[in-house]
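Protein chains in written order, with my numbering: chain A, 136 to 446; chain B, 136 to 446.
None of the hints are false.
Copies of the same chain look alike in the list, so a pair counts if it fits in one copy or across any two.
Here are the simulated EDC-like cross-link-like pairs (lysine to aspartate or glutamate), alpha carbons at most 16 angstroms apart as the crow flies:
#, residue 1, residue 2
1, Lys340, Glu363
2, Lys415, Glu305
3, Lys187, Glu163
Think of the hints as simulated: they come from the structure by calculation, not from any bench.
Now for the letters of each chain:
2 protein chains.
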Amino acid sequence: MGKFCFGIDVGGTTVKLGLFTAQGDLLEKWEIKTRVENGGINIIPDVAETVKAKIEEKNIDKNEIIGIGLGVPGPVKEDGTILGTANLGWGVFNVVKELSDSTGLTVKATNDANAAALGEMWKGGGQGYKNIVLVTLGTGIGGGIILNGQVLSGTNGASGEIGHIHINDEETEACGCGNIGCLEQVSSATGIVRIGKKVLKNSEKPSILRNKEISAKAVFDAVKEDDELAIQIAEIFGEYLGKAMAIIATVVDPQVYVIGGGVSKAGDIIFKFTDKYFQKHAFSANRNIKFALAKLGNDAGIYGAAKLIIG
Amino acid sequence: MGKFCFGIDVGGTTVKLGLFTAQGDLLEKWEIKTRVENGGINIIPDVAETVKAKIEEKNIDKNEIIGIGLGVPGPVKEDGTILGTANLGWGVFNVVKELSDSTGLTVKATNDANAAALGEMWKGGGQGYKNIVLVTLGTGIGGGIILNGQVLSGTNGASGEIGHIHINDEETEACGCGNIGCLEQVSSATGIVRIGKKVLKNSEKPSILRNKEISAKAVFDAVKEDDELAIQIAEIFGEYLGKAMAIIATVVDPQVYVIGGGVSKAGDIIFKFTDKYFQKHAFSANRNIKFALAKLGNDAGIYGAAKLIIG
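Only chain A is shown next, with the shape it has when bound in the complex (with noise of 0.2 angstroms):
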């Protein structure tokens, strides 16, 4: 019976390890360098290497190990077959083959976007719920959705890709992606600053955001000063959030949504502007779908790795 695992989340700087218990109680955390020079074929050595030096240190028996749980930053396919990870300077290749034959430990893997949904399910905002959808609103805003406590692959690993949900037809400018009127341009960090900047030039009011940095922090902080600017800008990411998450539960009828990300910490105000607009697009047997806050932060990866091997 195993007795611990592993829950690595690798990340284009840092790669981020979890030694945990088979309960799910995280004994030790630590990071090394994510090595992405030379097509990233240093990473599944390095981690490897450092998975091997602490179960030597810590006098591990290997049979007590249940094995690697990890997240990767691009789709995987449920064999563990990589599609090419820009950020890593991976090609197509199969990680868990690779980090398997080089510990020999069973390994799993998903996209890190339902690796973090998956802890934050197991031990984060989302405890006590087994169909639950993660949006992460960062610099892009990524997605991991689990049905009936499972990771919700997709056939090319990129379920889950809400950022990129057609919801702006007015939109003008281009996603990264490509595309016109992407969600991520208007709800995610750096969106909430375009849609900012556009708002104040377009008007003559004067703002607490006048004359600084804008920054979804500042916006969501200038609305607590009752700011009328930053209210406006805060109901445009409002209303693109709240429809486009009505739509999501249309497809996956989850019984929560889980906020994660850097404009999550401005807490539950972002609510208070997303809600609205989710009930009146919301399809009716979705309406008394729920919405939390992400609890794990940076740990959420690493925690829902080790519940991928935990199971």
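Given chain A, work out where chain B should sit, using these hints.
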């Protein structure tokens, strides 16, 4: 080892029943009337009775029957709980338990749209795929989602309610569901008629469609004759449906869309109008998704119900 099973599709007017081999060959199909009066209290007893009569008629040993799969026109939870099905008069009860108790057979149930999707995956337009979204363009728009060969039920049995995706910000009239701007309002058979009347009214141009009963069929027949206004109507149909399918793809990342229902009888020509809008709005990872027409017609439900129990 089971040799036979029943696939049953409960509709608002008739209950369709099929006796299948365990390999999925349809041996016999028949129908009974759906007695919706008195809160639909007779429907399941009638089903039980006709199933028992068929078993006797065919002289089948009960041990040779795998069980009964059931599709019903409304949300069904995974445990078989019906959450109220307006057009059968049903309130809340467990349909699996009731039919199982009265037949002594294993029963599994799902929403009729999910059953149809499972049927099309197994023996119809989605054959060879495991991740499909069935879009049924009829009076309304229904949807059924199959992932990894399994029905996606959702929390309230309300996944795949894609007819009620909010897709049209310009809409002024209300959908049957009470919301404004649903996909069903523009791309269903009735939606095409509604849009068609508007297009004809707002134009002075000649059209084959003038002075005749407009229907989805008439519109696509006129499209085949290069009728300018019919093409304009088909463009609107395709724009919204194509965009909706691009949005759904970012959420569940299917391999194939299978299009069924009355509108699909127009044939492959409908893809001429949906394809360009799908490609315009689809996330890069989803652009290779296939499109196919449904093949099983009204039998999709009984096939899918049978597959539900065969597994």
